[in-house]
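**Q** Below, each chain spelled out in residue letters.
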Amino acid sequence: MKNKYLSNFNLILFIYLAFTLTLVLIYGFDLSQFVQFSNLTDLSRIPFEINPKDQTGYDGQFYIRLALNPFELDWAHENLPENNPSYRYSRIGYPLLLWSVSFFIKNQIIIIAQLLNFILIISIYFVNRNILKFLNKDTSLAIIFAFFPGYLFCIARVTPEILEILLLSLAVYFYLRDRLMLFLIVSCFALLTRETSIIFFISMFIYQIVFSKKNYKYSLFPILFYFIWIVILYLLFNNIPIGTGVSVNFNSPLSGILEIFRINRYSGNLLQGFTYILEYLHIFLLISLVFYKKKFFEDNIFKFTFFIYFLFFLTLNEVVLGTDWGFMRILLELYYFLILFLITDGGKKIFIVKLLNTSLFIFCFLRIVFEQYLTHNL
Amino acid sequence: MEIEFIFNQLNFIENIEYFEIILIIITFIYFLLPLPVTPLILFNSIYFKDYAFVVNLILITFSYISTYKIIHLLNLNEIINKLFVNKIIKKLPKNNFNEFFSVFFLRILIPIPILNYYLSIRNYNLRKSTISTILALIPYTFLLTYTSKDLIKGSEFKINYEFILFYFFYAISILIISKLFNKLNEK
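Respectively, the protein sequence lines represent chains A and B.
Residues 1 to 378 in the numbering used here are what the first sequence lists, from first letter to last.
Residues 1 to 187 in the numbering used here are what the second sequence lists, from first letter to last.
I should point out that these hints are in silico values taken from the structure, not numbers from a laboratory.
None of these values were measured; they are calculated from a predicted model.
Wrong hints could be hidden among the right ones.
As the list claims (entries may be wrong) - Residues from chain A that face chain B, not an exhaustive set, calculated with beta carbons under 10 Å:
id, residue
1, Phe48
2, Asn51
3, Tyr173
4, Arg179
5, Leu182
6, Arg265
7, Leu270
8, Gly273
9, Phe274
10, Thr275
11, Leu278
12, Tyr292
13, Leu356
14, Gln372
15, His376
Yeah, the Cβ is synthetic: ideal placement off N, Cα and C, and Gly gets one too.
Same shape as in the complex, but just chain A (with noise of 0.2 Å):
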């Protein structure tokens, strides 16, 4: 048992390292390509050299921004694209796990992030392992959940969904085993890291009125604890994430999705569509298999709380689902509750999890290689 560990944990690292040494040597060994500033940050004010190639940048410079100094609040937006600085703000939690393990080496903060990613994702194996063996289910599957295909384009571009899948899988597992005080500790963090994981909260919410299952004490503080974080950013910032966040992830339900699916708009770019829709096909075939079932309505928190992020996803628009590169990472939330529902469900069709899973992921790995190729060398 102790050699399967090993060999996973070896696998893991190997995957990942190879990865990433792979865009070091794509970038020339040139680490702030992995962020993608915007040429219009101030260089004086950023330890390291920096080679921006547009003025737009990508959103992983807001997390390095903040994380080289995360108390100066006017700083990290300066100059840049985005005039609300409450938006970046309210996702602090990143930023401040990178600031405090790269205290005293700022100038090294890309590679400490690198090797956090690394940290995370054998963590995450371990956590969800724990949570498979609590619910009695077979722990060998525990490696599905190392190699989520969004997990490469956080590493890509140093984003902080990693770290929000690492707290959403111990708040699981802390719900599951009835550690309330770990539960609401991992519960904020993940609240500060991504306001997205609201949505699990509330989920549980509901899923505790219509299952009626008494213990509300689980979703209610962390709900409570967000109102109270946005009255603090009110108080900093005169203003709140939400109004931005809405306005720039959002559309009416399903026209984000019908955009993707309208061949016309890769007109010109037959690589970039094909890809997309391979990606997004992929995920309709898992999502798929939630719906394979006789028995449609169900007493499952994952199953609930997938559906909940399911109709988040629809409602997302065309700009995130179908023009931002890295797709894939802001995904991250629903494939965790989908593949957590669909392996503890169990049956006949955890050879498809796997099988779509892997090849996902290496289609992924692939496409980010080989465009970060083009990209960077023709």
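Chain A is fixed; fit chain B onto it per the hints.
**A** Showing chain B alone in chain A's frame:
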């Protein structure tokens, strides 16, 4: 290829009410028959424009599921297996890997309706073979749908080598990794 000419002659279809629904029904029935599917996929691609890929893929998938269900409902699989197939084709050992990947690679090689009949008669697992069918036919359907607009304009059809290389990597990776998965499961 003068595809544009053909469509110019078919202008009258714009005057037919609910032609989309009629076309979907015709396509669905057509896909059940042992006929080449490429011309109809191209026609649909030009007619349905933006959402042609989704329409084509859904129709191909449903045609397979329907073929499977019809053959099993009429018990044709039992009859044909007893009379012919078992004597000619040696049965592969049944496991997840063989079922999934024989479908995946046969889909690339054999015409869609013919393979639909074969899979239905040979009692392949419907769920696995449907998913395998979708995965294998995404590139083919996507490429046909995507390039249909070039064909109607009369422009030259260009082979995209990056696309082929990417798909090749994808198919080979699924094969290798899943074989490993299967080996691990057997242990």
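**Q** Next, verify each hint and record whether it holds.
**A** Evaluated hints:
For the restraint placing Phe48(A) at the interface with chain B, the shortest Cβ-Cβ distance is roughly 34 Å, beyond the 10 Å limit, so the hint is violated. Using the Cβ-Cβ criterion of 10 Å, the hint placing Asn51(A) at the interface with chain B is not satisfied: the shortest such distance is roughly 26 Å. Violation of the interface hint for Tyr173(A) is found here, the shortest Cβ-Cβ separation to chain B being roughly 25 Å, above the 10 Å cut-off. Using the Cβ-Cβ criterion of 10 Å, the hint placing Arg179(A) at the interface with chain B is not satisfied: the shortest such distance is roughly 33 Å.
The beta carbon of Leu182(A) comes no nearer than 33 Å to any beta carbon in chain B, farther than 10 Å, and the hint placing it at the interface is violated. The beta carbon of Arg265(A) comes within 8 Å of a beta carbon in chain B, closer than 10 Å, and the hint placing it at the interface holds. The beta carbon of Leu270(A) comes within 5 Å of a beta carbon in chain B, closer than 10 Å, and the hint placing it at the interface holds. A hinted interface residue such as Gly273(A) counts as satisfied when its beta carbon comes closer than 10 Å to some beta carbon of chain B; here the least separation is about 7 Å, so the hint holds.
Using the Cβ-Cβ criterion of 10 Å, the hint placing Phe274(A) at the interface with chain B is satisfied: the shortest such distance is roughly 6 Å. At a threshold of 10 Å, the smallest CB-CB gap from Thr275(A) to chain B is about 8 Å, leaving the interface hint in force. Hint on Leu278(A) holds. Least Cβ distance to chain B is approximately 6 Å, under the 10 Å limit. With 10 Å as the threshold, the beta carbon of Tyr292(A) comes within range of chain B, its nearest partner Cβ sitting at about 7 Å, so the hint holds.
For Leu356(A), the interface hint holds, since its Cβ comes within 10 Å of a Cβ in chain B; the closest pair sits about 7 Å apart. For Gln372(A), the interface hint is violated, since its Cβ never comes within 10 Å of a Cβ in chain B; the closest pair sits about 14 Å apart. At about 16 Å, the closest approach between the beta carbon of His376(A) and any beta carbon in chain B exceeds 10 Å, and the interface hint on this residue is violated.
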